[in-house]
Amino acid sequence: MELKSKLCLVVLLFSVLLAVSASLDYKERDPELKQCKHQCKHQRGYDEQEKQLCEQRCDDYIKQKRQEEKQRGREGGGGTSFYRYDEDQYQGQGQQQQDQNPYLFEDQDFETQIETDQGRVQILQKFTDKSDLLRGIENFRIGSLVTKPHSFVAPHHHDADCVLFVFQGRPTITMVRGEKRESHNLERGDILRVPAGTPVYIINRDDNEKLFVVKLLHPVFLPDQFETFYEGGGENPESFFKAFSPQVLQAAFKTERDELERLFGQQRQGSIMKASREQIEKMSHSTRGREGFWPFHGDEPSTPFSTSSSKSGPFNLFKKRPSQSNRHGRLFEADSNDYKQLEELDLQISFANITRGSMTAPSFNSKATKIAFVLDGEGFFEMACPHLASQGGSQHQQQRQRRSSSPSYQNVRGDLRRGTVFIVPAGHPVTAIASSNNNLQVICFEVNAKDNVRFPLAGKKNVVSLFEREAKELAFGVPVREVDRIFNKQDGEFFLEGPNNQQQGRMWSVV
Amino acid sequence: MELKSKLCLVVLLFSVLLAVSASLDYKERDPELKQCKHQCKHQRGYDEQEKQLCEQRCDDYIKQKRQEEKQRGREGGGGTSFYRYDEDQYQGQGQQQQDQNPYLFEDQDFETQIETDQGRVQILQKFTDKSDLLRGIENFRIGSLVTKPHSFVAPHHHDADCVLFVFQGRPTITMVRGEKRESHNLERGDILRVPAGTPVYIINRDDNEKLFVVKLLHPVFLPDQFETFYEGGGENPESFFKAFSPQVLQAAFKTERDELERLFGQQRQGSIMKASREQIEKMSHSTRGREGFWPFHGDEPSTPFSTSSSKSGPFNLFKKRPSQSNRHGRLFEADSNDYKQLEELDLQISFANITRGSMTAPSFNSKATKIAFVLDGEGFFEMACPHLASQGGSQHQQQRQRRSSSPSYQNVRGDLRRGTVFIVPAGHPVTAIASSNNNLQVICFEVNAKDNVRFPLAGKKNVVSLFEREAKELAFGVPVREVDRIFNKQDGEFFLEGPNNQQQGRMWSVV
Amino acid sequence: MELKSKLCLVVLLFSVLLAVSASLDYKERDPELKQCKHQCKHQRGYDEQEKQLCEQRCDDYIKQKRQEEKQRGREGGGGTSFYRYDEDQYQGQGQQQQDQNPYLFEDQDFETQIETDQGRVQILQKFTDKSDLLRGIENFRIGSLVTKPHSFVAPHHHDADCVLFVFQGRPTITMVRGEKRESHNLERGDILRVPAGTPVYIINRDDNEKLFVVKLLHPVFLPDQFETFYEGGGENPESFFKAFSPQVLQAAFKTERDELERLFGQQRQGSIMKASREQIEKMSHSTRGREGFWPFHGDEPSTPFSTSSSKSGPFNLFKKRPSQSNRHGRLFEADSNDYKQLEELDLQISFANITRGSMTAPSFNSKATKIAFVLDGEGFFEMACPHLASQGGSQHQQQRQRRSSSPSYQNVRGDLRRGTVFIVPAGHPVTAIASSNNNLQVICFEVNAKDNVRFPLAGKKNVVSLFEREAKELAFGVPVREVDRIFNKQDGEFFLEGPNNQQQGRMWSVV
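Residue numbers (UniProt numbering), protein chains in the order written: chain E, 1 to 511; chain R, 1 to 511; chain X, 1 to 511.
Just to be clear, a hint being listed does not mean it is correct.
Copies of one chain are not kept apart here, so a pair can be met inside one copy or by any two copies together.
In silico DSSO-like pairs for lysine-lysine, Cα to Cα no more than 30 Å straight-line [said to hold, decoys possible]:
1) Lys450 / Lys340
2) Lys489 / Lys282
3) Lys450 / Lys126
4) Lys340 / Lys319
No lab work stands behind these hints, which were simulated from the structure alone. Owing to the predicted nature of the structure, the values given are computational and were not obtained by experimental measurement.
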């Protein structure tokens, strides 16, 4: 009888969901998710709609579960020991905990948007798909573009603002702005903003070196989602012109249907293709489109090869003097004073090269949140995170628990290697340590940057040494000279000697 | 036994929900929704609370279902044929697909807020009630005001900024700004911003013509919801004064209760009423309130009959030279340089009059999203929409599918007639075509307008012809002369001859 | 058999949830919630994860229920009587209705974040935890700090901007800004902005008086949540340094582990502690840190004891002339013209001292929403609220009902006493009445303040008297002289004689 059978389906579904509640990590290949969806697919009496509804429920349920696990996982950490961290981690056995670190993203968190034999575009998943704790930066996306020498990225535009950083290779980027064409020959260290909706194509004019570009995207229509539109193309990439009806295209182009089908049917090499040496050469010097009215208020057309001179041109991070530099590392920074184009996005960009065996002094940003992309080397970062914040989700619950007690902090740690992304929220103390084998090179996009201040917590100019002596005594409950002895001992600034070098022996003995 | 019976209720409820999963479109008169709520109302053992909770669940469930249907519907479209559109559509048989078009709104999507024998106020549903894809513009609402000649709209204020456009009739709009009264005699083509919270009343001083005004609203308290507050009135409209307790009103007005009840009890004609010829005449020329301090920074009081001169006065779109004009149509545009009041809302307004049988060249906005309201005529629009974007909802799922493939685009099409609203997201290529019978007249509100650039895709100045010859060859995979022949053939600009006129015969033969 | 048993659990859970649907108000001690969670805890066959998932469901369910009750409760109110308010309320029997007032917050709505024998920090729950109607201000939080004389609040920073108002006591607040230390001796009436992430510590230098400070917070990372980070401390408060691994700390401080453990192990007095008279004296005059580059754009270092002179210093509300003043009360206001620091937060601050037995004239804000904190005295407020708006939640449903009828307004009323917080949304007419025993003192934070205008609805300069005579006649449907007689009778302005004094007898007789 109808109702009865339906009832069974519901019940089965739910019981399956509970039955599969074992520890799991959310992938399409996730066995429980598979099982759950399998159940949906094979329920007798389900029509297509019900099946899809059912599978949707599986997705949602498993996803929520994963989040809750993460949170419980984090709560699990820390706890009784003197230090709010898990000794195991330091031994590199912290993988499981690492999976639950909402501030760390690794290879499997990237989606490959484009892949041809000439190159690849990868975009990191939405931050909020990892954790609600990241909803503060949900309207930014980060990704990378890697292509072979002499490659060509087909003309396209995004419904998103894009800021890119060239780490490797020598791209020439051509944008159509208003009724002008504008080309820029970029090199290592160049930052370029491509305004939302700007038609653009890219070549890697280098004869030998791969192109490696990191992109930060800020969607302009949907908060956390952007699309790519290909002006040219045929079968692959598909040109958006093909979406229009033939009648409309014929009228728009005053051209017969078969001609249009020929034009929009040829291209099959994908959106990243090989270009000939001649084509590369021809496109490797800045060119100008026909003259015309300039719609970008305040922007004059950029001069060829211009770097920081033109407002719409690139800015080279490495041609500026480093803001921090010693044998332990160098820091290059650019804000909207250096590159006007960053102002509208309220963005600051910094590049840190941490010498192997060195570290950055623990510090925090007053209001900016850092999206860091590891370009090269290995190491790890440690961040102090208010324990309950890590729960995310139910703020309500948190606060009830928090009653009358000061917050406690958890050690959030992540291993860093090329391609790793990590997030440092405003106010959170953090440090990054380079392995003893290689320099650790990181590009950081700091959002909400206006009036941001970096506060060092160790080394010269550390915050604590600025307190009044009475404040130090009261804060630590010890004689002021003890506070000063410790906080004044480290005479380095920003980049310091790392743990590995200093007390190798000592260090491992303690564990 | 308690639990058992309760259990049955739950089960019944769920099974009903599943039972009703047939195709449906969400209206109060929706049979399944009715049935579901009926079940709630007549469950034995349900107390009031449980019933309401139950009905709420019906609403939510059906609504979610509708959305999912939309998405599946859209996925269904397109597919294998050369063009990403459904030939049927062009034959006008695309109604079903049209219901699932998240960018198109028709009569049934409007709510009638006010209706009296003298006029009507209609507001479009929340954009996000139609589709999550529109959450980028969720904090805007659009609607219309239509009244008879010699009508009076009672004094009121909104908790929303309002920009209105006069298409028909001759309204006089009186606002109280600070301690001043300010009246403006408006005519066809006038744009006026009524700042949030400004007390305002309106007459149509025309002796014969109806008043037809289109309104864009930007709520200031709740993101996507606004309320109307009537200073005057009695039974209908009800004055907000009636919400206060008699004791408070007596003190506030130093007046006895019975007098107050008399004052706030008379009006019963509704908020849009008939005014006498004398009253209309008296109110038909700009008047000034008593002098006083001006609280609006930078604004001086406007002079009577002022148009663009005064910052707070109106601006007439038709008194500006059209930015595009040929025998196929005319385009009038106003941005914050023309009308300062648009700056704070980051708004641009344009009016397009497309000659019958003509069309607009396919083009896209770099960052602005267009909310278009059809004022007169018929026709249709076509838009290229990245196929997967149409799914909305689960970005996560999308990306998994999208792996390693370039996006494909879907033809989003909608029939246009007076009162239709359609949305064109930033970056999306679009074209509008007028029927061969009437001119198509459309008023467009473009939000996120600062630095927006319109990129033409066909006709003079089309983007593709700006690419370098090598880029054209690589992008299309054909000799450059073929690309140029097609993209240079159309010598029209912005407004072009439409499909109907051009190749009538050819066109229908293809289908 | 597995599935069967699981099934029972689900069913039990749901039936419990329904079974507990009686009227309740959401507290941890809420009996139904307890019962629901109890069920979860003691379900045989539930593993830890399932139990927690289950309890989470209890939380969510009960919370949703509470909201729906609130809404139904409000719908219940008002209705048929001439006035849209419940006579009982005025008799003070409106407690139940008051619990459902989404614009009113009382003691139980505060969370105690910190409590030591020296003082207490309380933060109001998230506005959206009370009602979705408040999502317009969800990214603000409000709270208070109360400490004994000669107390010390340990050095800390928030990931939130903070604006504080000193109502009682004489705090000295020391901030580290960039590489400077900056101290300000504050007194009653001082407003100070502490920028997000600024390390700060506070003393109450007064020998006898308690410190009472009201804080408005604007989180910079998560929209509606902020965390506190303690630079100093040991066991309690815990220093965030303890989150780092010993190896990292040893390197950062060039210091042995045991020394660090000593430093970060001593403090156990909690984050608000007693300071000695000597320590207080030493910290009671502004000091300066070592000189250095100033990173706050446009800000010069503040001079000691500076009030409004320095951009980063405080501003005293009471040293400005009151904007309104008569025997019924005084109003002090500060906006970004008075105190530059308010500009970035788009904030205005006002302090109202309503004489006992007096009231504020009904009025509304054009675009600002008011967050009001009662500092002293008793009384009540009345607000006119569009009836359907009060439903919040399903806007969709609202609009269907609203069809063709003008809105009706509900009387929203709340009793005010020290510590009560109430919200006045933009556009909503409101009045506050002081009891006949004490002055009512209220500090108001008005967000979205730029270009805001206050419109009086009674007394001098009331909006209605500015309408044209024809508009008055049409709006009220009575001869204009009747309108004028009532709206011109009250010659007071802003602060008026209250109901209690005026027509005591009359008043109670009417009920």
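Would you list, in rising numerical order, the hints stated earlier that this structure does not obey? Every hint satisfied by this model.
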